[in-house]
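A.B. asks: Here is how the chains run, residue by residue.
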Amino acid sequence: MRTERTGRRWLALATVVLGLLVVQVAGLAHVPIFGVRPELLLVFVLGVALQWGAGPGLALGLVTGFLADLIGGYLVGLSAVSYAAAGCAAGFIGERLYPDRGLVVLAIVAGGTVVSQVVYVAGASAFGLPWPPMDGLVKVTLTLAAYHLLLVPVVYPICRWAGGVFVARSGDAGLEA
Amino acid sequence: MRGWAVVVVAGLVAFLLVSAIFLTSRGRDGGTWVEGAMRDGLAPLMLAVNRMSRTVTGLWTTAATLRDAHAENERLRAELAALREENYRLQEYRRENEALRAALQLTLQSPVPAIHAEVIARPLNNWWSVLTINKGSRDGVEPLMGVVSPEGVVGHVRAVNYLTAEVILLTDPRSAVGGIVQRTGEPVLVEGFGYPGTHLRLRPLVAAADIQPGDIVVTSGMSQLFDKGIPIGRVDEVDVGPYGMSVEATVRPFVDFGTLEFVTVLGVRPELRAQVEEEAAGLAAPAGAAGR
Chain L
1 MRTERTGRRW LALATVVLGL LVVQVAGLAH VPIFGVRPEL LLVFVLGVAL QWGAGPGLAL
61 GLVTGFLADL IGGYLVGLSA VSYAAAGCAA GFIGERLYPD RGLVVLAIVA GGTVVSQVVY
121 VAGASAFGLP WPPMDGLVKV TLTLAAYHLL LVPVVYPICR WAGGVFVARS GDAGLEA
Chain B
178 MRGWAVVVVA GLVAFLLVSA IFLTSRGRDG GTWVEGAMRD GLAPLMLAVN RMSRTVTGLW
238 TTAATLRDAH AENERLRAEL AALREENYRL QEYRRENEAL RAALQLTLQS PVPAIHAEVI
298 ARPLNNWWSV LTINKGSRDG VEPLMGVVSP EGVVGHVRAV NYLTAEVILL TDPRSAVGGI
358 VQRTGEPVLV EGFGYPGTHL RLRPLVAAAD IQPGDIVVTS GMSQLFDKGI PIGRVDEVDV
418 GPYGMSVEAT VRPFVDFGTL EFVTVLGVRP ELRAQVEEEA AGLAAPAGAA GR
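Top line first, the protein sequences correspond to chains L and B. If you count the first sequence from 1, position 103 lands on 103 in my numbering, and the numbers rise without skipping. For my numbering, count along the second sequence from 1 and bump the result up by 177.
None of these hints come from the bench; they were simulated from the model. Yeah, the Cβ is synthetic: ideal placement off N, Cα and C, and Gly gets one too. Among the hints, a few may not be true.
List of simulated lysine to any residue pairs, SDA-like, C-alpha gap at most 20 Å [to be verified]: (1) B/Lys312 x B/Lys405; (2) B/Lys312 x B/Thr375; (3) L/Lys139 x B/Leu283; (4) B/Lys405 x B/Leu283; (5) L/Lys139 x B/Gly435; (6) L/Lys139 x L/Ala110; (7) L/Lys139 x L/Val119; (8) L/Lys139 x B/Leu224.
Some chain L residues judged to face chain B by a derived CB distance under 10 Å, without partners named [unchecked claim]: (9) Leu21; (10) Arg37; (11) Asp69; (12) Tyr74; (13) Ser79; (14) Gly102; (15) Leu103; (16) Ala107; (17) Val114; (18) Tyr120; (19) Gly128; (20) Ala146; (21) Leu149; (22) Leu150; (23) Val154; (24) Ile158.
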């Protein structure tokens, strides 16, 4: 019975991730700010990582980043690395700070966005993408961070719900032990 | 013991990720079946979300621009009248051109088969300039087909799935197209620049090229992707190197890639396809003969 419930939760989580992915590439693509489009999945990963720590942040970053890469079709795995790095960093800080303070959430989302972009661009340049001009890199990263801050009030409640899936899982593990 | 297991798993994951990045960093005509299934599977959902989002943003834009509608209407009427006049003139030139080609016994090319498609998704991050369109191999789209819009060159098809295809825009760092400067006829190479994705880089293919700001660049027709004369963009800035030995320019494309909604994929002309097939058969025949 418990296994069935947990399975349903994981299925719901997968549906949410795919839904966010579709909204990111097809919906929010029409709403750029200064030409910059948001990465909804990254905000989701950062939000979940902030509540549930570095391990889940790293795992969720790897899985969602890899799913996103499968749609992108180029440098498959690089988004997974960049999301995992950002998720791990956010989770590490979240474990040491009170993660439900609004300011902490905003700071982590902004910082995580910067980390993920730098990791992605560095990785891409290692595999052949020319390093973008410094002013372009700064402009994109800062605009993206600002855009993500605007999305936090919408995405963070979803992250809190998704965090429940991890709680249920650790609870089950505890009971089984 | 558990620590070692974690290290081994982490190492394995890292190895698999680096391998995947390396293998997909080279040019690929398509993807794995997993990628294809995922893209095609999500295509109807992406199309629906895309149309919904476009409707909402369209309403917003309409409301915002309604107050300027009258002035814009007047401007567009004037522009339409001028374009009509130019169209009559161009039709006359076309008739004249066809008559002259017939007199010179030059073969007339058949029109390029066109596949009209809708943009259903944008890239996942801000570092690539790619689009996903709602036409794939089912509709006859093939890798390396040229893609245009009424404003000019958009890019070319990179990967094709059954229901969808991925188009690399001209602004992508992996993109380049042969062009000519319309004023002088000098051949140039127009390349993607990467971010900010609003400009292209122009490199002349002849020494001491005469390139001026405001020059219009069109396709050269040297590649098999595009016909000659499709607009690419207008020269924005010209950068002359030390001692005037090299010239490089930035070009502002005519196509607004950020708001692109519909595109046309240029198919392969029947005569070109026949020629390619003939060449392939010619290459295969000696090999087959040798085998016998």
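A.B. asks: Now look at each hint and say whether the structure bears it out.
C.D. replies: Hint by hint, here is what the structure shows:
no., hint, verdict
1, B/Lys312 x B/Lys405, "violated, 25 Å"
2, B/Lys312 x B/Thr375, "violated, 26 Å"
3, L/Lys139 x B/Leu283, "violated, 53 Å"
4, B/Lys405 x B/Leu283, "holds, 16 Å"
5, L/Lys139 x B/Gly435, "holds, 17 Å"
6, L/Lys139 x L/Ala110, "holds, 14 Å"
7, L/Lys139 x L/Val119, "holds, 16 Å"
8, L/Lys139 x B/Leu224, "violated, 30 Å"
9, Leu21, "holds, 8 Å"
10, Arg37, "holds, 6 Å"
11, Asp69, "holds, 8 Å"
12, Tyr74, "holds, 6 Å"
13, Ser79, "holds, 7 Å"
14, Gly102, "violated, 26 Å"
15, Leu103, "violated, 26 Å"
16, Ala107, "violated, 22 Å"
17, Val114, "violated, 13 Å"
18, Tyr120, "holds, 7 Å"
19, Gly128, "holds, 6 Å"
20, Ala146, "violated, 13 Å"
21, Leu149, "violated, 16 Å"
22, Leu150, "violated, 16 Å"
23, Val154, "violated, 15 Å"
24, Ile158, "violated, 16 Å"
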